[in-house]
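K.L.:
One-letter residues, chain by chain:
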Amino acid sequence: MSLCSFGVEPLSCHAWNKDRTQIALSPNNNIVNIFEKKGKEWVKIHELTEHTERITGIDWAPESNRIVTCASDRNAYVWSLKDEVWKPTLVLVRINRAATCVKWSPLENKFALGSGARLISVCYFEEENDWWLSKHIKKPLRSTILSLDWHPNNILLAAGSADFSCRVFSAYIKDIEDKPGPTAWGTKMPFGELMLEHKDSDGCGWVHSVSFSASGDQLAWVAHSSISVADAAKGKEVTHLTTDYLPLLSVLFVGPTEIVAAGHDCCPFQYTYKGPGALEFVKKLDMPKQSSKTTTSAMQHFRNLDKKATEEDSTKLDTLHQNSITQLCIVSGDKAKVEKYSSVGLDGAMVIWEFKQWGRDVELPALDSGTDCGEFEDDSFLSVQGKLGSF
Amino acid sequence: MSKNTVSDRFRKVDVDEYDENKFVDEDDVGENQGGPDEAEVDGLLRQGNLNGALHAVLKNPPLNTKNHNAKERAELLVVRVLSSFKSSDIEKAVGSLDKADVDLLMKYIYRGFEKPSDNSSAVLLQWHEKALAVGGVGSIIRVLTTRKTV
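Chains A and B supply the protein sequences, listed in that same order.
Residue numbers in the first sequence follow our numbering, run continuously in steps of one, and reach 391 at the last position.
Residue numbers in the second sequence follow our numbering, run continuously in steps of one, and reach 541 at the last position.
Keep in mind the hints are simulated off the structure, nothing from the lab.
A portion of the hints provided could be inaccurate.
Taking lysine to aspartate or glutamate pairs in the DMTMM-like style, the calculated list, with each CA pair at most 20 angstroms apart, reads [said to hold, decoys possible]:
1. A:LYS138 with B:ASP405
2. B:LYS490 with A:ASP202
3. A:LYS335 with A:ASP19
4. A:LYS139 with B:ASP410
5. B:LYS539 with A:ASP202
6. B:LYS457 with A:ASP202
7. B:LYS450 with A:ASP202
8. B:LYS462 with A:ASP202
9. B:LYS521 with A:ASP244
10. B:LYS413 with A:ASP163
Turn these sequences into a full structure, and let the hints guide you.
P.N.:
Okay, structure coming up:
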């Protein structure tokens with residue numbers, strides 16, 4: 001685990017480049033900063049300043065090296081790197097409210113944008129006129145879209161919304177791609193077709209985050225007081241687990257059955273999903289080290305008692321993050337087997353976590369050195385290739 | 392000026408009613424929404440079976456939004472049952488409830504806070520502490536976000 005602080009401002013969103021040497025993030029304002037890792041330090045190399053309002057979403061397409069950003073100014077820009085400078089291209093999203101989240105599709109030929117205008121804008125590049133066009137998904141969205149995630153087949157899109165429902169739509173654009181084959185979610189997939197809609201009958205609050213599994217057959221989402229998984233392979237059955245913690249804000253599938261979620265408790269939690277009805281909490285992923293109480297002098301001790309009527313003078317949380325975690329992102333590995341993931345929070349810090357697939361703190365021998373550890377020096381865990389069998 | 396600018400009745404118009412994009416909850420009018428059975432609860436209280444009374448009063452919560460009278464009656468009944476427990480028994484009583492009942496108890500507790508009477512708030516605070524220990528902050532989040540209030 002390594003923590004890097006990017007200042008005191010909350011980090012609204014972040015995105016990694018392909019080889020994880022650069023990170024784009026926004027410190028709760030209208031500017032995107034791109035930092036590059038030089039040695040052990042993060043150095044700011046670019047500043048993207050086209051937006052006029054707070055940036056709400058950033059996504060970096062690994063293969064085509066384009067960044068898409070969206071903000072409360074109802075605009076989205078696609079940035080391309082030309083001669084070491086990032087040049088923006090305006091996208092006509094045609095929304096009349098703030099954009100809330102944006103995600104490139106797996107093949108990077110289109111992206112989806114959620115907004116407060118109760119619609120999802122799926123944007124694609126039209127070669128003829130050399131501009132980005134958008135198509136809207138409106139029905140049956142009743143409120144702001146809070147999160148989006150693409151299915152690996154590049155067609156289906158999951159959307160979590162503030163109308164307490166999680167939905168899966170088809171975002172098939174006839175002009176740029178071929179007709180998709182049938183999936184576990186359905187066979188007919190014209191644009192805007194609703195494949196799944198799940199409203200929590202108990203009103204578990206807004207759906208803050210959604211995540212498809214690596215195969216695309218399972219969809220996990222977190223709401224104010226619950227985490228749920230819909231399983232298309234088992235007849236779209238939804239398994240629901242109410243949590244005893246503060247609301248979770250972000251969720252990520254890190255393995256075929258493992259899910260990591262994080263939120264206002266400032267700590268990532270691990271859940272496991274083995275089948276319909278079998279969604280369980282496993283453990284907290286942040287081992288709060290018992291902070292060694294620095295020996296306070298007697299003077300300090302009595303001063304505290306006098307001024308604050310407390311014996312200890314600590315306002316720090318035990319967890320690495322000192323404030324809520326807002327977004328989780330995969331750093332190395334893919335959804336089928338995540339090795340490292342990153343979290344950013346309201347405390348302005350970005351932490352990179354290692355995910356131990358075995359679930360135990362055991363050091364295992366590496367079979368192959370084919371893993372991509374990036375440039376982060378980390379002690380202990382070496383990941384194991386899938387040859388050992390599934391787990 | 393020819394227009395009458397004195398009247399401010401327009402300020403009392405509920406503009407949300409005229410909003411065509413207004414979000415309407417689908418109300419499932421469930422059966423058994425009449426609230427807990429008063430007679431049953433009374434009987435159990437008189438017998439001194441406090442645990443039984445607690446379980447009985449947590450049955451059939453009036454979640455349907457239209458039934459305000461039933462909600463009032465249910466709330467008074469719940470507060471009565473909760474007040475009749477001794478402080479030392481509260482923890483065990485909460486321990487005997489299952490998760491859904493703990494959430495429901497939290498809803499009633501917060502409802503009770505809204506209209507305090509006599510010693511009710513103190514009693515409710517004790518119950519709140521014990522229910523929180525079992526339900527965690529998640530139960531309070533559910534009280535805040537639920538669309539079906541008790």
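K.L.:
Hints first: check each against the structure and report whether it holds.
P.N.:
Cross-check of the supplied hints:
1. With a CA separation close to 27 angstroms, the supplied pair LYS138 of chain A and ASP405 of chain B exceeds the 20 angstroms bound.
2. Pair hint LYS490 of chain B plus ASP202 of chain A holds up; C-alpha atoms about 14 angstroms apart against a cutoff of 20 angstroms.
3. Taken as a hint, the LYS335 of chain A and ASP19 of chain A pair is honoured in the structure, with Cα atoms around 16 angstroms apart against an allowance of 20 angstroms.
4. Annotation: proposed proximity of LYS139 of chain A to ASP410 of chain B holds, straight-line Cα distance about 18 angstroms (limit 20 angstroms).
5. For the hint pairing LYS539 of chain B with ASP202 of chain A, the CA-to-CA distance comes to about 7 angstroms; that is within 20 angstroms, so the pair holds.
6. The suggested pairing of LYS457 of chain B with ASP202 of chain A holds, with an alpha-carbon distance near 17 angstroms, which does not exceed 20 angstroms.
7. Between the alpha carbons of LYS450 of chain B and ASP202 of chain A the distance comes to roughly 17 angstroms, so the proposed pair stays at or under 20 angstroms and holds.
8. Annotation: proposed proximity of LYS462 of chain B to ASP202 of chain A holds, straight-line Cα distance about 18 angstroms (limit 20 angstroms).
9. With a C-alpha separation of about 14 angstroms, the suggested pair LYS521 of chain B and ASP244 of chain A falls inside the 20 angstroms cut-off, and the hint holds.
10. Proposed proximity of LYS413 of chain B and ASP163 of chain A is supported: the alpha carbons are some 11 angstroms apart, at most 20 angstroms.
Consistency with the previously given hints fails for number 1 only.
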